[in-house]
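Novice: The chain contents come next:
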Amino acid sequence: MPSTKRIESLRLEGITKRFPGVLACDDISLEVGAGEVLALVGENGAGKTTLMNILMGLYQPDYGRIVINGEEARFRGPSDAFAAGIGMVHQHFMLVPNMTVTENVALGLKELHHPFHLDLASARRRIAEVSERHQLAVNPEAYVWQLSVGEQQRVELVKTLCFGARFLILDEPTSALTPQETDELIERLKRMTAELSVIFISHKLGEVKALCDRVTILRQGRVAFNGRTQDHTSGDLAALMTGHEVNLPRNACVEACGEQRLKVSALMVRGDRGNLALNGLDLELRSGEILGIAGVSGNGQRELADALAGLRKVESGSIGLCGEEIANRRPRAIIDAGMGYIPEDRHTEGIVPSFSIKENLVLKDFASQRFSTASFLRLERIDENAEELRERFDIRASSTATSAGSLSGGNIQKVILARELARGPKVLVAVYPTRGLDMGAEEFIHAQLLERRAEGVAILLISEELEELMNLSDRIAVIYKGRISKVLEAPEATRRRLGMLMAGLADE
Amino acid sequence: MNKGFNALYGTIVIAASALAAIAMAAVILIAVGADALGTFRVILTDPLKDTFGLTEILVRAVPLILIALGIAVAFRSGILNIGAEGQMQAGIIAATAAALYLPGLPKAVLLPLVLAAGALGGGIWAWIAGALKARLGVNEILSTVMLNYIAAQFYTFFLRGPMIDPNELQTGSGTPQSPRLPKEAWLDRLIPGTRLHTGLIIAIVLAVLVFLFLWRTTSGFRMRAAGAEEKAARYAGIDVEKYIIAAMVVSGAFAGLAGAVELTGVHRRAIEGITSGYGFSGIVVALFGGLHPAGIVPAAVFFGLLILGADMTQRSMGVPANMVLVLQGAVILAIVSAQMFLGNPYARDRLARRLRLPRRPGPKTLEDAAAEGGLKQ
Ligand SMILES: Nc1ncnc2c1ncn2[C@@H]1O[C@H](COP(=O)(O)OP(=O)(O)OP(=O)(O)O)[C@@H](O)[C@H]1O
Ligand SMILES: [Mg+2]
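As they're listed, the protein sequences go chains D and Y. Quick note: to get my numbering, add 114 to the position in the first sequence (first position is 1). Quick note: to get my numbering, add 22 to the position in the second sequence (first position is 1).
Honestly, I wouldn't trust all of these hints.
As the list claims (entries may be wrong) - In silico DSS-like cross-links for lysine-lysine, where the CA-CA straight-line distance does not exceed 27 Å: (1) Y/Lys129 / D/Lys427; (2) D/Lys427 / Y/Lys264; (3) D/Lys540 / Y/Lys129.
What the hints assert, rightly or not - To be clear about the criterion: a stretch of chain Y counts as covered by chain D if any three or more of its residues have a C-beta under 8 Å from a C-beta of chain D, and this derived list gives those stretches: (4) 249 to 255; (5) 259 to 270.
Worth flagging that the hints you see were computed from the coordinates, not collected in a lab. Predicted, not measured: the structure shown is a model, and the values here were computed from it. Ideal placement from N, C-alpha and C gives every residue a C-beta, glycine not left out.
Could you put the whole structure together from the sequences, leaning on the hints where they help?
Specialist: Right under this line is the structure:
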């Protein structure tokens with residue numbers, strides 16, 4: 115059972131951690147007081163997650179120590195950290211998909227484990243208490259695999275609070291949330307600081323300024339800056355983080371649209387729960403156009419993207435890619451017809467984690483003429499390709515032979531983006547392409563998407579970031595309950611209007 | 023954590039597991055009243071004393087290499103083949119049939135045909151499990167184990183019925199075995215006067231080919247991708263079901279070939295107990311060899327030594343036959359646990375903690391750190 119003592123102060127002193135070929139944390143010191151919210155920001159691969167994993171006892175530091183309330187703490191594993199009242203919501207969720215929410219929570223509550231009986235009723239009570247107290251609505255009977263990423267995020271938070279955490283570590287908690295959900299979370303966290311201290315990791319400086327008192331910026335494993343959020347603008351912080359000023363590029367919206375590339379009509383697709391997730395969806399996409407799909411997650415975005423890539427059965431309706439019917443074709447045939455796909459779940463859909471970076475970079479093209487002859491792989495070409503893409507997309511890794519799964523979250527995303535953009539598809543379906551990327555990388559990816567657009571690629575951009583959609587799209591289609599409820603030209607899409615449409619309200 | 027520590031860690035784990043195995047075995051041996059030290063000496067050194075021992079080690083290594091190669095292909099492709107024993111028997115039946123019922127062919131034609139028949143028999147037997155898995159989602163561990171039982175019954179049936187040596191019927195002794203295969207279906211002996219046969223060359227060549235296949239060809243890439251992360255493979259356009267079946271068939275073909283090689287190289291007729299557990303030891307060899315041909319070949323030789331050593335112990339030390347199996351089991355358990363331990367970064371991290379690596383004296387307080395210029399306020 116976690117001690118109920120408050121954590122008055124928590125200090126990390128001189129934490130250093132080396133992985134083969136990378137110094138992930140280099141003599142990092144920081145301090146968090148009672149009821150304080152510290153923002154931890156930095157580029158992809160700066161060492162934020164590693165530092166927090168050390169605080170949770172998942173890794174041991176090579177050097178340095180953790181001091182809680184003036185006493186040195188030694189965590190041999192996450193359970194020791196839980197016992198000290200520290201809880202973490204990880205960047206990649208740690209939930210068992212084929213268990214219910216209640217079972218997932220009960221799994222970590224050792225006091226409910228009786229020899230022949232798992233006390234689910236108590237777990238359910240605890241969940242009800244926590245979700246009541248912090249206004250975090252979760253359905254305790256739902257299976258985790260049925261939940262959207264946003265819902266899973268909430269479950270993680272509830273789970274951590276059920277463990278009795280009084281010091282919360284949130285590793286990019288908002289990267290998968292809708293803007294409304296993000297605002298709610300931030301409000302909630304503000305209220306919670308009456309009882310809790312928080313370390314908040316995010317790439318979005320707006321959130322950092324809204325929530326946090328102090329900010330620590332990491333750069334290449336070192337503390338690069340430490341200060342109060344009030345005293346600095348988001349722009350300053352971004353510059354401190356990346357070393358240069360960040361300017362997100364915008365779509366100039368000139369001479370868009372060549373010939374039609376993608377035509378979807380009356381598409382019906384079932385979701386994982388057997389419901390009709392897409393219910394007669396129509397859309398059309400032209401060469402050299404970016405069509406944004408705006409919507410609250412769970413309105414059919416995932417099913418649309420999967421159906422386009424041939425990974426989900428189409429019940430009825432048609433999908434035309436450059437005039438060729440691709441509904442219910444095999445994924446390989448659709449890829450060969452010119453479809454690119456940046457999937458939502460980067461860890462299991464986008465990369466093979468145990469494969470090296472260079473293998474992942476040719477995951478779709480290893481059998482092409484370029485990378486093989488007479489079905490033998492051309493290793494030099496695969497190496498060259500990897501080196502070139504690593505350079506171009508600034509993938510931070512000690513070598514392209516390291517396994518992709520060991521990369522930081524943002525760098526995994528860069529591997530997928532590098533592969534899909536470099537393949538030169540005719541149509542690119544990009545689902546949350548900048549999720550988890552730092553600002554510099556986001557700027558770069560946006561520029562890349564616009565460049566592809568200029569080259570004539572038709573891009574379907576599924577995103578929850580209105581900012582991103584409005585910056586990049588030529589047109590924005592709003593998806594609501596499995597249909598496109600409205601298509602707006604970019605200039606007429608305002609935040610307010612999109613917000614109303616996404617909530618299912620009639621357009622004025 | 024540094025290189026030095028990793029090396030130290032490896033040594034500690036292997037030494038500890040070897041000690042554990044020896045201790046476990048010693049307890050058992052002393053319990054049955056045998057001379058523990060002597061037994062160990064016999065197992066590990068007697069087979070290495072003369073040409074006979076050395077060649078017999080290799081004779082046992084040949085089927086182990088072949089089976090383990092197949093197992094590696096299956097495991098790497100994400101399908102667990104526990105059915106090598108049954109596939110080997112299916113291969114032996116097919117190879118025997120080919121050798122007996124295709125008479126009069128010259129050796130250059132018959133021998134390859136017999137070996138191919140063995141591979142085909144094993145491949146078909148494995149295909150059943152692969153297809154069940156890919157099409158209906160039947161757990162392959164379950165189906166391959168069940169197919170082992172069925173294959174064992176078929177094997178006995180053929181040896182007692184359709185394939186029994188007519189001489190056995192005439193003399194009335196009725197030993198369940200096939201007639202002797204024609205000479206055209208024999209693998210040659212590599213060293214005259216020993217049982218070492220050219221199957222060794224086949225095994226080594228195939229080890230190289232399997233390496234090339236898995237790591238240098240597009241099909242191998244697909245299989246490894248499907249095995250490492252099925253979903254990502256699917257998203258990348260790989261037909262996972264197809265490659266699961268293919269991997270299973272390849273795996274079974276290797277087991278079937280192992281059977282055919284054992285048949286034509288060593289016994290030259292199908293007898294009962296010819297598989298002698300190779301199908302199961304092969305799985306251990308594959309895992310011990312890191313599912314990589316370069317590891318499998320030495321692992322198979324080492325297990326050949328263990329098996330032969332155990333046989334010898336039985337004879338020279340009077341340790342009961344079953345005890346020998348127990349010894350093997352203890353060794354295998356220790357080795358495999360050590361392997362798992364070596365591959366687990368968290369376990370390694372935990373050990374580092376126990377050993378308390380020297381810590382660099384870190385800055386004492388935050389203020390000191392700030393004073394050192396680490397933090398800007
Ligand atoms: N288990 C590991 N093995 C080897 N290298 C690792 C491992 N975990 C992290 N690294 C490396 O350590 C560095 C820091 O990674 P970390 O995940 O802490 O970054 P991050 O700041 O959380 O980045 P992001 O914003 O992308 O999540 C990276 O270069 C990463 O490749
Ligand atoms: Mg991270």
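Novice: Quick check: do three or more residues in the region 259 to 270 of chain Y have a beta carbon closer than 8 Å to a beta carbon of chain D?
Specialist: Our answer is that it holds, as 3 residues pass the Cβ test (under 8 Å) against chain D, meeting three.
Novice: Going straight from one Cα to the other, do D/Lys427 and Y/Lys264 come out at no more than 27 Å?
Specialist: 19 Å, holds
Novice: Does Y/Lys129 pair with D/Lys427 here, judged by a C-alpha cut-off of 27 Å?
Specialist: With Cα atoms ~54 Å apart, Y/Lys129 and D/Lys427 exceed 27 Å; violated.
Novice: Could you grab the alpha-carbon distance between D/Lys540 and Y/Lys129 and see if it respects the 27 Å cut-off?
Specialist: Violated. D/Lys540 to Y/Lys129 sits at ~57 Å, over the 27 Å cutoff.
Novice: Please verify the coverage claim for the region 249 to 255 of chain Y: does it have three or more residues whose C-beta sits within 8 Å of some C-beta in chain D?
Specialist: It holds: at least three residues are needed, and the region 249 to 255 of chain Y offers 5 whose Cβ sits within less than 8 Å of chain D.
In terms of the numbered hints stated before, the structure departs from hints 1, 3, listed from lowest to highest.
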